[in-house]
Amino acid sequence: MQAASKPRNAVDGFTIVEMLIVLAIGGLIALIVFAAIPALTRNSRNNQRRQDVSTILQAVSHYELNKSGNFPVDSDLASLSLGSSLTYYSAGPSPDIQFFANQPGTVSNLNDVNKVRVYQYQICSTTTTGNSSSSGAGSLDIVALFAIETAGGSSPQCEQL
Numbered sequence: 788m789q790a791a792s793k794p795r796n797a798v799d800g801f802t803i804v805e806m807l808i809v810l811a812i813g814g815l816i817a818l819i820v821f822a823a824i825p826a827l828t829r830n831s832r833n834n835q836r837r838q839d840v841s842t843i844l845q846a847v848s849h850y851e852l853n854k855s856g857n858f859p860v861d862s863d864l865a866s867l868s869l870g871s872s873l874t875y876y877s878a879g880p881s882p883d884i885q886f887f888a889n890q891p892g893t894v895s896n897l898n899d900v901n902k903v904r905v906y907q908y909q910i911c912s913t914t915t916t917g918n919s920s921s922s923g924a925g926s927l928d929i930v931a932l933f934a935i936e937t938a939g940g941s942s943p944q945c946e947q948l
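Counting in our numbering, the sequence shown runs from 788 upward without gaps.
If you are wondering where the hints come from, they were derived from the structure by calculation, not from laboratory data.
Any given hint might turn out to be false.
Below 25 angstroms or equal to it, Euclidean Cα-Cα: the simulated SDA-like pairs (lysine to any residue) are [unchecked claim]:
no., residue 1, residue 2
1, 902, 946
2, 902, 799
3, 902, 939
4, 902, 848
5, 854, 910
6, 902, 872
7, 902, 890
8, 854, 835
9, 902, 867
10, 902, 842
11, 902, 883
12, 902, 860
13, 902, 861
14, 854, 928
15, 854, 908
16, 902, 928
17, 902, 850
18, 902, 835
19, 854, 882
20, 902, 849
21, 902, 866
22, 902, 887
23, 902, 941
24, 902, 926
25, 902, 851
26, 902, 885
27, 902, 940
28, 902, 829
29, 902, 875
30, 854, 841
31, 902, 916
32, 902, 874
33, 854, 865
34, 902, 913
35, 854, 867
36, 854, 923
37, 902, 927
38, 902, 841
Using the sequences and the hints, build the whole thing.
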């Protein structure tokens, strides 16, 4: 038996509709990937901010232990030796870190993703995200108020040591 032969006018290949479907699917995949990239980079920066804040709080705690319970002031920033251990915030000549000792009442964050404010005698508020309160706080309670990026702007955060 002999194999059936193709008609003379039959052509191998893809139709234009098949090509358009493949291109549309490829474009959809590319769109999804490119839409996810800003969120991934934002999450990476936010994780670094949280890690830097944790490093700052630990350095302040060590400072207090070594200085008989005294809380650092802005001029003591260099003595905390934070320069090389921070990735996002600057401890240099115009620092992004501010210290506030004996701050009474409630303190709220200003949604500035480029600043960290460290407070003595404060604990994180259980009712308002990004705020701290001196109510129930002791002399060794330290908080850092900072902000992280969101898709619509920034979100205040409070981290307590």
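Hints and how they fare:
Our distance criterion of 25 angstroms between C-alpha atoms is met by residue 902 and residue 946, whose separation comes to about 14 angstroms. Note on residue 902 and residue 799: the hinted pairing is violated, with a Cα-Cα distance of about 64 angstroms set against a maximum of 25 angstroms. Note on residue 902 and residue 939: the hinted pairing holds, with a Cα-Cα distance of about 19 angstroms set against a maximum of 25 angstroms. Under the criterion of a C-alpha separation no larger than 25 angstroms, the hint pairing residue 902 with residue 848 is consistent with the structure, at around 19 angstroms.
The suggested pairing of residue 854 with residue 910 holds, with an alpha-carbon distance near 21 angstroms, which does not exceed 25 angstroms. Proximity of residue 902 to residue 872 is assessed by CA-CA distance (about 16 angstroms); at most 25 angstroms being required, the pair is judged to hold. Straight-line distance between C-alpha atoms of residue 902 and residue 890 comes to about 18 angstroms, which keeps the hinted pair within the 25 angstroms bound. Annotation: proposed proximity of residue 854 to residue 835 is violated, straight-line Cα distance about 28 angstroms (limit 25 angstroms).
Restraint check for residue 902 and residue 867: the C-alpha separation of about 17 angstroms stays at or below 25 angstroms, so the hint holds. Pair hint residue 902 plus residue 842 holds up; C-alpha atoms about 14 angstroms apart against a cutoff of 25 angstroms. Straight-line distance between C-alpha atoms of residue 902 and residue 883 comes to about 5 angstroms, which keeps the hinted pair within the 25 angstroms bound. Distance restraint check for residue 902 and residue 860: the Cα-Cα separation of roughly 15 angstroms lies within the 25 angstroms cut-off, and the hinted pair is therefore satisfied.
A distance of roughly 13 angstroms separates the Cα atoms of residue 902 and residue 861; the hinted pair therefore holds under the 25 angstroms criterion. A hinted pair counts as satisfied when its Cα atoms are at most 25 angstroms apart, and residue 854 with residue 928 qualifies at roughly 16 angstroms. The hinted pair formed by residue 854 and residue 908 meets the criterion: a straight-line CA distance of about 16 angstroms does not exceed 25 angstroms. At most 25 angstroms may separate the alpha-carbon atoms for a hinted pair to count; residue 902 and residue 928 meet this at roughly 20 angstroms.
Distance restraint check for residue 902 and residue 850: the Cα-Cα separation of roughly 20 angstroms lies within the 25 angstroms cut-off, and the hinted pair is therefore satisfied. For the suggested pair residue 902 and residue 835, the alpha carbons sit about 13 angstroms apart, so the restraint of at most 25 angstroms is met. Between the alpha carbons of residue 854 and residue 882 the distance comes to roughly 22 angstroms, so the proposed pair stays at or under 25 angstroms and holds. For the given pair, residue 902 sits about 21 angstroms from residue 849 by alpha-carbon distance, which is consistent with the 25 angstroms threshold.
Straight-line distance between C-alpha atoms of residue 902 and residue 866 comes to about 19 angstroms, which keeps the hinted pair within the 25 angstroms bound. With a C-alpha separation of about 13 angstroms, the suggested pairing of residue 902 with residue 887 holds against the 25 angstroms cut-off. Taking the CA atoms of residue 902 and residue 941, the gap is near 12 angstroms; set against the 25 angstroms cutoff, the hint holds. Note on residue 902 and residue 926: the hinted pairing holds, with a Cα-Cα distance of about 23 angstroms set against a maximum of 25 angstroms.
Only pairs whose Cα atoms come within 25 angstroms are accepted, and residue 902 paired with residue 851 is accepted, the gap being roughly 22 angstroms. In summary, the hint linking residue 902 to residue 885 is supported, as the alpha carbons are separated by about 8 angstroms, within the 25 angstroms threshold. As the CA atoms of residue 902 and residue 940 are separated by approximately 15 angstroms, the hinted pair is consistent with the 25 angstroms bound. Using a Cα cut-off of 25 angstroms, the hinted pair residue 902 and residue 829 holds, with the two alpha carbons roughly 16 angstroms apart.
Proposed proximity of residue 902 and residue 875 is supported: the alpha carbons are some 10 angstroms apart, at most 25 angstroms. Restraint check for residue 854 and residue 841: the C-alpha separation of about 20 angstroms stays at or below 25 angstroms, so the hint holds. For the suggested pair residue 902 and residue 916, the alpha carbons sit about 17 angstroms apart, so the restraint of at most 25 angstroms is met. Of the supplied pair hints, the one linking residue 902 and residue 874 holds, its CA atoms being roughly 13 angstroms apart against a limit of 25 angstroms.
A C-alpha spacing of about 15 angstroms is found between residue 854 and residue 865, which places the hinted pair at or below 25 angstroms, so the restraint holds. A distance of roughly 22 angstroms separates the Cα atoms of residue 902 and residue 913; the hinted pair therefore holds under the 25 angstroms criterion. A distance of roughly 11 angstroms separates the Cα atoms of residue 854 and residue 867; the hinted pair therefore holds under the 25 angstroms criterion. The straight-line distance between the Cα atoms of residue 854 and residue 923 is roughly 24 angstroms, inside the 25 angstroms bound, and the hint therefore holds.
Taken as a hint, the residue 902 and residue 927 pair is honoured in the structure, with Cα atoms around 22 angstroms apart against an allowance of 25 angstroms. Taking the CA atoms of residue 902 and residue 841, the gap is near 14 angstroms; set against the 25 angstroms cutoff, the hint holds.
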